[in-house]
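Novice: In order, the protein sequences belong to chains A and F.
Reading the first sequence from the start, the letters are residues 12 to 242 in our numbering.
Reading the second sequence from the start, the letters are residues 57 to 170 in our numbering.
Incorrect hints may appear among the rest.
Facing chain F, from chain A, some residues (calculated, C-beta under 8 angstroms) [said to hold, decoys possible]:
#  : residue
1  : Met12
2  : Lys13
3  : Ile14
4  : Tyr17
5  : Tyr19
6  : Asp20
7  : Pro21
8  : Asp22
9  : Lys23
10 : Ser165
11 : Phe185
12 : Glu202
13 : Arg206
14 : Arg209
15 : Ile213
16 : Ala241
No farther apart than 20 angstroms at their CA atoms in a straight line, the calculated lysine to any residue pairs in the SDA-like style are these [as the list claims (entries may be wrong)]:
#  : chain 1 : residue 1 : chain 2 : residue 2
17 : A       : Lys172    : F       : Val115
18 : A       : Lys13     : A       : Val95
19 : F       : Lys59     : A       : Lys13
No lab work stands behind these hints, which were simulated from the structure alone.
Quick reminder that beta carbons are idealized off the backbone N, C-alpha and C, glycines included.
The lines below spell out each chain.
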Amino acid sequence: MKISIYRYDPDKDARPSMQDYEVALEPSDVMLLDALVKLKAQDDSLSFRRSCREGVCGSDAMNINGKNGLACITKLAELPDRVVLRPLPGLPVIRDLIVDMTQFFKQYHSVSPFLINEEQAPDRERLQSPEERNELNGLYECILCACCSTACPSFWWNPDKFVGPAGLLQAYRFIADSRDQATSARLDNLEDPYRLFRCHTIMNCVDVCPKGLNPTAAIGKIRDMLVRRAV
Amino acid sequence: MVKRIVTGAHYGSRDWLAQRVTGALMAVYIVILLVVFMTGSPVSYAVWKDIFAQGWLRVATLMFAASLAWHAWVGMRDVVMDYVKPDGLRLALQVGIVLLLAGYLAWAVQILWR
Numbered sequence: 012m013k014i015s016i017y018r019y020d021p022d023k024d025a026r027p028s029m030q031d032y033e034v035a036l037e038p039s040d041v042m043l044l045d046a047l048v049k050l051k052a053q054d055d056s057l058s059f060r061r062s063c064r065e066g067v068c069g070s071d072a073m074n075i076n077g078k079n080g081l082a083c084i085t086k087l088a089e090l091p092d093r094v095v096l097r098p099l100p101g102l103p104v105i106r107d108l109i110v111d112m113t114q115f116f117k118q119y120h121s122v123s124p125f126l127i128n129e130e131q132a133p134d135r136e137r138l139q140s141p142e143e144r145n146e147l148n149g150l151y152e153c154i155l156c157a158c159c160s161t162a163c164p165s166f167w168w169n170p171d172k173f174v175g176p177a178g179l180l181q182a183y184r185f186i187a188d189s190r191d192q193a194t195s196a197r198l199d200n201l202e203d204p205y206r207l208f209r210c211h212t213i214m215n216c217v218d219v220c221p222k223g224l225n226p227t228a229a230i231g232k233i234r235d236m237l238v239r240r241a242v
Numbered sequence: 057m058v059k060r061i062v063t064g065a066h067y068g069s070r071d072w073l074a075q076r077v078t079g080a081l082m083a084v085y086i087v088i089l090l091v092v093f094m095t096g097s098p099v100s101y102a103v104w105k106d107i108f109a110q111g112w113l114r115v116a117t118l119m120f121a122a123s124l125a126w127h128a129w130v131g132m133r134d135v136v137m138d139y140v141k142p143d144g145l146r147l148a149l150q151v152g153i154v155l156l157l158a159g160y161l162a163w164a165v166q167i168l169w170r
C-alpha cells in the first residue's frame, strides 16, 4: 500500500512537503492506524497522535484522502491503494500530522461544558426520567476529536469567534439536560451573529463525524429555542 | 483600546427568522406573478402596464422588493462577516450595502408609481 504523508518540522523545514511511503500489510493490519504504527517503526521521525486505538479518545483525527476521520477506525480494506494523509485543516501544524488544538478547546470551554445546578445536591444523584435521559442521546457521545470543526469553512474563517460544530453540540448537550438550570444564560451566550449564526448549515460536520453524530441538528435546536424565546 | 476578541452582540436570531420569512414571502409572490402572467399573458407594453396598474399588485410587488432588500441585507452581511477581517472595512462595506439596497427600494417605488 502506498501512503503519502504531509511532513513538516518547523525547526528544520522551510515549508511542508509530502513524503511517499510503501507499507507491506499483513492480515493482522485492519485499520489505517495499524499501517501508521508500522511506518513509525520504519521512520521514527514521523509524528502523529494516537492513544486508545479504538475510536474513543479522539487523538488520531486526520485528513484521510481529503476527508477528516479517525485513523484507528478507518478500515484499510475500504481505502484505495494510494492514501494521502494530511493534518486536520485549518489549525496550526505543530509537526507532521499533529495540530495545535488550543483554539478548538478555547471554543469548547467558552460554552461552559459542565452541569450548572445551584440546588443542594441530593444524597445519591439527580434523577432523570427515561425520556429526559433520551434527550442526551446523540450529544453525550462526542469525543472532541475536532473532525467536524476542522471540516467547517465557517470555523476556518472565524475560529476565534465562531464556536464551531463540536462546541455547539456540547452547548446543546447541557441545554438539553433536565438537571441543568442555566438554559437562559447558555442561550444568552450563543445569541450572537458570530458565536452561533456563522453556521450556514452546509453539514460538513455531519458528513465527517466518526461517531455518526449530527451537530447541525443540535445547532438547529438551539436556534429554534432562541427564536422561540424571541417571538 | 485593548486588542481582545470581542463577541456577544446579542442579536442574530431575529435576522435569521427575518431571512426565512422574507424568503417565504418572495416565493409566494413569484407564484402569484406566474399565475397573473399565465392568465393575462403580457405580450405588449400596454397589457404589461395594465397588469401593474392594479393597486394590489403594486403593493404586492413593493412587499416583494422590500423582502428582497431585507433578505439580501442579512445574506450580504453574513458574507462580509465571514470573509472581511478588518473592522473598519467591514463597517464601510456594510454601510455601502445598506445604502445600495435602500436605493434599489426607492427606485422600485419610483418605477411602480411612475
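Novice: Indicate, hint by hint, whether the structure satisfies it.
Specialist: Consistency of the hints with the structure:
1. Violation of the interface hint for Met12 (chain A) is found here, the shortest Cβ-Cβ separation to chain F being roughly 39 angstroms, above the 8 angstroms cut-off.
2. Given the 8 angstroms rule on beta carbons, the hint for Lys13 (chain A) is violated: about 37 angstroms separates it from the nearest Cβ of chain F.
3. Proximity of Ile14 (chain A) to chain F is violated relative to the hint, the smallest CB-CB distance being about 35 angstroms (cut-off 8 angstroms).
4. Given hint, Tyr17 (chain A) at the interface with chain F, is violated; its Cβ is 26 angstroms from that chain's nearest Cβ, farther than 8 angstroms.
5. Hint status for Tyr19 (chain A) relative to chain F: violated, with the closest Cβ pair at about 25 angstroms, above 8 angstroms.
6. Using the Cβ-Cβ criterion of 8 angstroms, the hint placing Asp20 (chain A) at the interface with chain F is not satisfied: the shortest such distance is roughly 29 angstroms.
7. A cut of 8 angstroms between beta carbons decides the hint on Pro21 (chain A): the least distance to chain F is about 24 angstroms, and the hint is violated.
8. Annotation: interface hint on Asp22 (chain A) violated; nearest CB of chain F at approximately 29 angstroms, more than 8 angstroms.
9. Look at Lys23 (chain A): its Cβ only gets to about 31 angstroms from chain F, farther than 8 angstroms, so that hint breaks.
10. For Ser165 (chain A), the shortest C-beta to C-beta distance to chain F is roughly 7 angstroms, which falls under 8 angstroms, so the interface hint holds.
11. Given the 8 angstroms rule on beta carbons, the hint for Phe185 (chain A) is violated: about 18 angstroms separates it from the nearest Cβ of chain F.
12. This hint holds: Glu202 (chain A) has a C-beta 5 angstroms from the nearest C-beta of chain F, less than the 8 angstroms allowed.
13. Interface restraint check: Arg206 (chain A) against chain F, minimum CB-CB distance 5 angstroms, threshold 8 angstroms, status holds.
14. Interface hint status for Arg209 (chain A): upheld, as the beta-carbon distance to the closest one in chain F is roughly 7 angstroms, under 8 angstroms.
15. With a cut of 8 angstroms, the hint placing Ile213 (chain A) at the interface with chain F is violated, because the nearest CB-to-CB distance is about 12 angstroms.
16. The interface hint given for Ala241 (chain A) holds, since its Cβ lies 5 angstroms from the closest Cβ of chain F, which is under the 8 angstroms cut-off.
17. Distance check on the hinted pair: Lys172 (chain A) and Val115 (chain F) sit about 41 angstroms apart at the alpha-carbon level, beyond 20 angstroms; violated.
18. Proximity of Lys13 (chain A) to Val95 (chain A) is assessed by CA-CA distance (about 9 angstroms); at most 20 angstroms being required, the pair is judged to hold.
19. Taken as a hint, the Lys59 (chain F) and Lys13 (chain A) pair is broken in the structure, with Cα atoms around 47 angstroms apart against an allowance of 20 angstroms.
Hints 1, 2, 3, 4, 5, 6, 7, 8, 9, 11, 15, 17, 19 from the list above are not met by this structure, while the remaining hints are.
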